[in-house]
Amino acid sequence: MSSIIRITLIFVTCILNTACDKKASIEITNEQAVYETLLLKRIGNTYTKYYLAKATENQWFVNNPIEQYPWNESLKPLGNISIELVKKLYEVNKNSQSLNWNPLITNSEFLSTNYVYNPKNTDPRKHCFDEDNNYRSYYTLSKVAFSKNNKIALIKFSYLCATLGGAGEFFVTFEFKNSRWQTLGVELLWIS
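First residue of the sequence shown: 16, per the working numbering; consecutive thereafter.
Heads up, a few of these hints could be off.
[Claimed, not checked] Using C-beta positions, here's what the derived DEER-type ranges look like:
no.: 1; residue 1: E99; residue 2: S152; range: 13 to 23 Å
no.: 2; residue 1: N60; residue 2: E82; range: 37 to 47 Å
no.: 3; residue 1: E124; residue 2: K163; range: 31 to 41 Å
no.: 4; residue 1: T128; residue 2: T63; range: 21 to 31 Å
no.: 5; residue 1: N193; residue 2: V77; range: 17 to 27 Å
no.: 6; residue 1: N87; residue 2: K163; range: 34 to 44 Å
no.: 7; residue 1: K192; residue 2: L119; range: 15 to 25 Å
no.: 8; residue 1: N87; residue 2: E124; range: 37 to 47 Å
no.: 9; residue 1: T61; residue 2: S113; range: 32 to 42 Å
Since the hints were made in silico from the structure, they are not lab data. Glycine included, C-beta positions come from ideal geometry on N, C-alpha and C.
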């Protein structure tokens with residue numbers, strides 16, 4: 016009996032050593048790194064659960080054509096970014112897409128794609144009053160636009176159904192500096 020236990024222990028040890036010898040590699044895209052950075056800054060820690068729509072939002076871009084929005088006033092608070100980066104943001108957000116990302120650092124729970132502010136749901140507060148909801152507030156994210164050198168990122172996000180205020184829509188720019196994404200600027204669209 017003891018020889019069976021010894022053989023089992025040796026076998027398990029060999030398997031663990033082999034598995035541990037291989038370098039674990041987790042690769043995330045720049046877009047996913049920006050999402051992680053944004054939500055970690057918003058939530059403030061890695062363990063608090065938050066809710067996130069499982070699709071990217073694009074309705075703001077449809078309702079606010081680039082020519083009709085006062086971008087000259089908004090570029091400065093966003094870190095004096097170029098209008099070219101804004102054009103890229105509009106380009107990548109022509110359509111709502113599935114949010115192909117599973118957070119590594121933060122603790123999210125995904126809501127269906129119905130929670131994205133879209134043409135079928137013209138009121139961003141529609142789901143706040145659903146009788147069967149088991150959450151309070153939730154986030155929606157746009158796709159991220161990057162500068163030509165991939166050092167500046169621009170994203171739009173929404174925080175909806177906040178119970179004590181704080182809901183709103185925001186643009187945020189990040190700069191890749193010192194091996195991480197750091198906030199460069201914020202433009203507030205509205206807040207409750």
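Structure-based check of all given hints:
The given range of 13 to 23 Å is broken by E99 and S152, whose C-beta atoms sit roughly 33 Å from each other. At roughly 41 Å, the beta carbons of N60 and E82 sit within the given window of 37 to 47 Å. Under the hint 31 to 41 Å, the C-beta atoms of E124 and K163, about 36 Å apart, fit the expected range. For the hinted restraint 21 to 31 Å between T128 and T63, the CB-CB distance of approximately 23 Å keeps it satisfied.
Range check, N193 to V77: about 36 Å between beta-carbon atoms, so the 17 to 27 Å window is missed. Checking the proposed 34 to 44 Å range against N87 and K163 shows it is violated: the Cβ atoms sit about 21 Å from each other. Between K192 and L119 the beta carbon distance is about 21 Å. The supplied range of 15 to 25 Å therefore holds. With their beta carbons about 39 Å apart, N87 and E124 fall inside the hinted range of 37 to 47 Å.
The hint said 32 to 42 Å for the Cβ distance between T61 and S113, and at roughly 24 Å that hint is violated.
Violated hints for the displayed structure, listed by number in ascending order: 1, 5, 6, 9.
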